[in-house]
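Residue numbering for the sequence shown follows the working numbering, beginning at -6 and increasing consecutively.
In case anyone wonders, no lab produced these hints; they're calculated from the structure. The beta carbon of each residue, even a glycine, is placed where N, CA and C say it ideally should be. Be careful, since some hints might not be right.
Said to hold, decoys possible - Straight line, CA to CA, 27 angstroms or less: simulated BS3-like cross-link-like pairs of lysine-lysine:
{"#": "1", "residue 1": "K35", "residue 2": "K69"}
{"#": "2", "residue 1": "K219", "residue 2": "K298"}
{"#": "3", "residue 1": "K63", "residue 2": "K96"}
{"#": "4", "residue 1": "K63", "residue 2": "K116"}
{"#": "5", "residue 1": "K297", "residue 2": "K201"}
{"#": "6", "residue 1": "K164", "residue 2": "K201"}
Unchecked claim - What follows is a set of in silico ranges between Cβ atoms, one per label pair, in the way DEER data are often shown:
{"#": "7", "residue 1": "H182", "residue 2": "N311", "range": "26 to 32 angstroms"}
{"#": "8", "residue 1": "R186", "residue 2": "K215", "range": "38 to 44 angstroms"}
{"#": "9", "residue 1": "S315", "residue 2": "Q409", "range": "35 to 41 angstroms"}
{"#": "10", "residue 1": "T405", "residue 2": "P177", "range": "20 to 26 angstroms"}
{"#": "11", "residue 1": "K96", "residue 2": "K208", "range": "24 to 30 angstroms"}
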Amino acid sequence: MSDYSPVRGKRAIYIAVTGVLCILSAAFARKAETPSDFLDAKTIFQTNTGYDARLAIAVDGVVVHRHGGKFAPAIKSWQEKGFTVGRMFFADSDAANAYWTGKWDGKEHPDDVERDREGNVVKCAGVRPYMLPTEGWIRYLEEMTDASLAAGAAAILPEEPLAHVFTGYEKSFQRLWKNRYAEPWEPQHASARARFLTAQLKNELYIKLEERLLKQTLQFEKSSGKNTAFVLPIHSLYSNIAAQLVAPLGTSTNLPGIDGYIGQIWTGPVNWALGCYDSPRKNFFTSAYVLYDYFTQLTVESDKKLWLLVDPVEDNPNHKWSEFAQWYKHCISAMLLMDDVDSYEIMPWPDRIFLPGYGTGGGTPAPEDYRVTILAVTQALQEIPAHGKWLPHSPAGNAAVSGGIGIAIADTLMWQRLKHPRLQGVYSLLLPLVERGIPVSSFILERVDDRAYL
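The whole structure should be built from the sequences, with the hints applied where relevant.
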């Protein structure tokens, strides 16, 4: 706990977390008796598989995230066990390699994949190419949306609508640039202006994608009479900057019809962001706190639902279970300090924790004591109320502590060419205050006309 003890203003969290870790419960035994509306789900997890008793953690909802195969049976299998089920698919990449290779419509689409300055296809983990939101790619995802709804999904979750700011060399983007700006294409590396315009256009294209998929969902809802949610699982602005990504975050808050967000935070994004900030005092907890706070500010005082994600592990095979366990405690502590939030994605991919055959952490399943801790925390998260109050330990008369401080932030920060380390400017405003127990928050400039937020 010593790594984040400087956050004196929130000491009560340590007592709370200690209590959480001491809870022992038969967490796998409890299931929802009947499916509920997805937006009523307090706890969820995502999986690529159909129902498996070894993974049937006591949550309200399950998100089926399956590509390249039949997903309808997986949705049905979880529903039959009493879970409300949503369907998640990648909005940013061709996970099934079906669209860009021509398997979908019989025509290859090499110009629609993101390419870097050397013309190389940019891929995630070397297997799935990142896509440009062209008309063809959007139609492909509209068809996936229709199929998901027809399979009975209670929610549509187009994951990670984002693009890289160092790309834009694909031919389709060059054509879109000319149409948008009425001037010859300029590569993003040519000037700060070109970088800004490249990122701005990619942001606009993903807003268009979100609008189209939302419209598709609403049309189904109207024709079927079924209550269907539309939720965006996204990364934080700060981890996007660290990874040179652009996405409509604050700019998406004004889109009517979006029901909520999943704030995707785990050890990877927290460490990416921390790696772009140079300070001898930096630590994992403060970076996690800032990322969780950003998502809270996207939705606080609005009608949008927010689930905060925490992951007990990640795909990087170069870390051990002892590291993941420590980072998990930091994330839980930071997450519980967001007292406006009471809903959580308790993990993605529970198979990486509970089943053998994975290389993460040095081999799976996770150690038994860690698995017990995760299940105990999950049960406690199911009971956490919104708008709880932590016991104050702040110095009397400190106006900053009692009133809070907001650091103005906007999506356009992702569009700029920032010097290394890329987060030095904004993290220097945020992290030192968090370290000292001062409740500082990101202030989302895109919400400046929202009276309730102000």
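query = So which of the earlier hints does this model not fit?
reply = Nothing - there is no hint that the structure violates, so all of them hold.
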